[in-house]
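Novice: Top line first, the protein sequences correspond to chains A and B.
In case it helps, the working numbering puts the first sequence at residues 166 to 452.
In case it helps, the working numbering puts the second sequence at residues 61 to 395.
Hints may be right or wrong, so weigh each one.
Think about it this way: if two alpha-carbon atoms lie no more than 16 Å apart in a straight line, the pair counts; the simulated EDC-like pairs of lysine to aspartate or glutamate are [claimed, not checked]:
1) B:169 to B:255
2) B:138 to B:192
3) B:190 to A:425
4) B:267 to B:255
5) B:169 to B:256
6) B:267 to B:256
7) B:169 to A:256
8) A:427 to B:189
Counterexamples of contact, computed for chain B against chain A with all Cβ distances above 10 Å [said to hold, decoys possible]:
9) 143
10) 205
11) 293
12) 379
Quick caveat, the hints were computed from the structure, so don't treat them as lab data.
C-beta: ideal position from N, C-alpha, C; glycine also.
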Amino acid sequence: MELLFQQIFNGLTIGSVYTLVALGLTLVFGILHVPNFAHGAFYMVGAYITLMMMVGFGFNYWIAIIASVAVVALLGVVTQQLIFKRLEGADGMRMMVAAIGILLFLEAFGQFMWGTEYHRMTTPYGSVVNLFGLTVTLQRLLIIVAAVILMLALHFFLTKTMIGAAIIAMAQNREGAFLVGINANQVAWLTFAIAGGLAAAAASLASPINLVFPTMGNLVIMKAFVIIIIGGMGSIPGAIVGGYLLGLTESIGATYISSDYKDVIAFLLLVLILTAKPTGLFAKGVQ
Amino acid sequence: MLNVLSKRNMLITIAGIAILFPLVFQNMYLLQLLTLVFIWSIAVYGFNIISGYVGYLSLAHAGFFAIGAYGLGLLTTKAGLPYWVSLLMAVVITALAGALVGLIALRTKSHFFAIYTMCVGMIIYLLIDKWDSLTGGVRGLIGISAPDNIGPITFDSLTSQYYLALFFLIVTIFVCYRIVHSLLGRTFIAIRNSEELAKTIGISIMKNQLLAFTLSALFAGLSGALYASFIRFIGPQISAITVTFEMLMYLLVGGIGTLTGPLVGTLIVISLTQSLQFLEEYRMLIFGPVVVLLVLYYPRGITGSINTFLLKRKQQKVKGRDKEHEVKRDVGEAG
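Could you put together the complete structure from these sequences and hints?
Specialist: Okay, structure coming up:
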């Protein structure tokens, strides 16, 4: 029984990371219809910036995270303004290929700048605490708490502010949003900034329990795609439920089925779901 | 007739040059490079059928390439079958796998299709990587046999391997040429341009897409099998998604949805990365932005852009001629 609880806790930890990544992806997809394959590369850049700030400049963990969030948010805005903005209205394949081009560039850039070796990120929260009879590291606890705080912040931003309302409006009805005079370009770059920031935060939080390397974003982004399909593309609650569901399935599957094949679980899940329902779960009819 | 680079004469000239090449240049390095280009081109031609002509971006192609490669590798090393039987079986297995995946994947559309096939590719990669007892896991598969002799023809020299790859490439291009210039090719393009419209005029979408997808997997499998017997060593890395991305890059540079594009793109990108040593490691620093720029400004790649340019010039000429006629007629009437 204790093992199960331990695995549930681990599942919540990775689920939090997946959810943060998937949230950014689903925002960009739901609002701008950009299938951003480069989102995983944003995640990777976020981890390296935090690492660089801590090791290179000796910054405090939190300041490093804030810097990293700012840099990757800016990176998101730049790619949107330079590339995706120009592809508005283009067919889906061109969008996807452009995103793949950005991904390839950023990965090579990561290799070029920081090398191919694996780095370990130190955390001030390495100590172990006892929580309801479970021994957990403080960092894992921090990931869960920070993710919940970020999700709440995003929720309040989207529901309580004018700009947030504009973003939601554009997600719900593009033409309607244009009719009432919502600035589409502003919404677009802001969405990319939020998505980039969330990816950087997720990477900075997860890196101390994983490792930092140039292709670290690949598996995460693929799983994030799985999550947003499970959750209904463009749905925020869907991404949250999907993220935690996948995290839990993986960590419990790794213990009770096979740790070798734990990564297959996510992809099998998606293949099964799309096999049964080719338009994805919770499809909003014809778009 | 408008696509000058698709003209039959052009293709025959290229084939002629390729056949004569080893007789003129005895450079082993170049031969090795070109053989690899031919082998990869076959996979890119397959990729082009589904992604270029039918318009469905398949991200599982490295997976099919790997099924072909591991199919041949396992059948020759572990099952001990003769080479040609293994080659045939590897291709058939890949085509069957393609048909099976296509049957389900093609029910999904646009982004869903890309993500679905990406997941299929990932599953294939993880299976190869983790299924130690069958595939050798991360250690890979070594000692894959070279092609067996056919009567007096042996395949132990580089030149003979070169001709073998060239032979299969020519077959591939021939098949693609016949498809594109037939009703089937028109059907594919009709589906790409508008699925609804194609449906309205009575085209069976699923049947045609499935055929295209199976064919594209078949060529990827053939390419993989040839690769395995040429390099003689394969590891799980050949099924990684980055390999699919590389194929996509060859296709984009050459020209997606064109007949010479796959060969032109593969030739240019592989020779560039091989000849510029610093590119080897960080090639994506340059090719990543190139892909983005192509998508932004030249979505039809090198061949496509040349075709468009020639088409425009031809139209201008025709227009100019029409004007001349008009002038003459006016003069005639006046006189």
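Novice: Please go over all the hints and tell whether each is borne out by the structure.
Specialist: Each hint tested on the structure:
1. B:169 to B:255: holds (10 Å)
2. B:138 to B:192: holds (14 Å)
3. B:190 to A:425: holds (7 Å)
4. B:267 to B:255: holds (13 Å)
5. B:169 to B:256: holds (13 Å)
6. B:267 to B:256: Roughly 15 Å separates the two Cα atoms, so the pair holds.
7. B:169 to A:256: OK: residue 169 (chain B) and residue 256 (chain A) at ~12 Å, within 16 Å.
8. A:427 to B:189: Cα-Cα ~13 Å, so holds.
9. 143: holds (32 Å)
10. 205: Residue 205 (chain B) is indeed farther than 10 Å from all Cβ atoms of chain A, at 30 Å.
11. 293: holds (21 Å)
12. 379: Fine: 29 Å to the nearest Cβ keeps residue 379 (chain B) off the interface.
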